[in-house]
Amino acid sequence: LAKTTQPPSMEAYEGQEVNVSCSHTNIATSEYIYWYRQVPHQGPQFIIQGYKDYVVNEVASLFISADRKLSTLSLPWVSLRDAAVYYCIVTDGGYNQGKLIFGQGTKLSIKP
Amino acid sequence: EAAVTQSPRNKVAVTGGKVTLSCNQTNNHNNMYWYRQDTGHGLRLIHYSYGAGSTEKGDIPDGYKASRPSQENFSLILELATPSQTSVYFCASGDKEGLGGRRDTQYFGPGTRLLVL
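Those protein sequence lines, which keep their order, are chains R and Z.
Numbered according to the working numbering, the first sequence terminates at residue 112, and the numbering increases by one at each position without gaps.
Numbered according to the working numbering, the second sequence terminates at residue 229, and the numbering increases by one at each position without gaps.
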């Protein structure tokens, strides 16, 4: 399974767009990129997943570099509710029975 | 939205005692997982299951057993609890989605805080 590298922490003001980067230099062709977030005292929550190019949903967007070694999670117009630890995970999903390996994640702090 | 519940939400146990953590999911997912999370660490996989009657070892299974008596229920058992097992435990369920069944999003419960004295 590929290892991921994220910045340990980030800060932003309410209303800003936040971009969280994730490096996965050894990603395999069978692997997908997932992003989860965890607010204090709750379990992780799925945000978005992708394989290549650009993916968008109602919560966030995900840009994946052409060589798939770097991905960026973009959160538009963050609010205090977006303060959480964001985890980037790379997994081959069905071929590995969905095992997720969580790293340290990126702790996002939001200032009012 | 998928629903995963855990009980108890908080538990205090004594060293050497038996502890059972329960998880229930109403999503009819085949796969279920038990993780633990310690301060300053990400989640680590303890046991998982592909369906009723199956259990598999995760990355840190020592000191833990698991039981999957039905599609909906997955238990984590600490036969002889130790202080090193003090942690927050999360259960999750998930299943393959999409073309080829290769995508697997997991849905997590709220967690159980376990303190072993």
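Rather than coming from a laboratory, the hints here were simulated on the basis of the structure.
A couple of the hints might just be wrong.
Unchecked claim - Cross-link-like lysine-lysine pairs, in silico, BS3-like; alpha carbons within 25 Å at most:
1) Z/K130 with R/K3
2) R/K99 with R/K52
3) Z/K169 with Z/K130
4) R/K99 with Z/K169
5) Z/K169 with Z/K123
6) R/K52 with R/K111
7) Z/K177 with R/K69
8) R/K3 with R/K111
9) R/K111 with R/K99
Straight-line alpha-carbon gap Z/K169 to Z/K123, limit 25 Å
24 Å, holds
Are R/K52 and R/K111 close enough, with their CA atoms no more than 25 Å apart?
Violated, because 32 Å separates the two Cα atoms, which is more than 25 Å.
Is the straight-line distance between the alpha-carbon of Z/K177 and that of R/K69 25 Å or less?
37 Å, violated
Quick one, are R/K3 and R/K111 close enough, alpha carbons at most 25 Å?
This hinted pair is violated, its Cα atoms lying about 30 Å apart.
Pair hint R/K111 and R/K99, alpha-carbon separation not exceeding 25 Å
34 Å, violated
Does Z/K130 sit within 25 Å of Z/K169, going by the straight-line distance between their CA atoms?
19 Å, holds
Given the hint that Z/K130 pairs with R/K3, does the C-alpha gap stay at or below 25 Å?
Violated, at roughly 35 Å.
Are the Cα atoms of R/K99 and R/K52 separated by 25 Å or less?
Measuring from Cα to Cα gives roughly 20 Å; hence the hint holds.
Does Z/K169 sit within 25 Å of R/K99, going by the straight-line distance between their CA atoms?
11 Å, holds
Consistency with the previously given hints fails for numbers 1, 6, 7, 8 and 9, ordered from lowest to highest.
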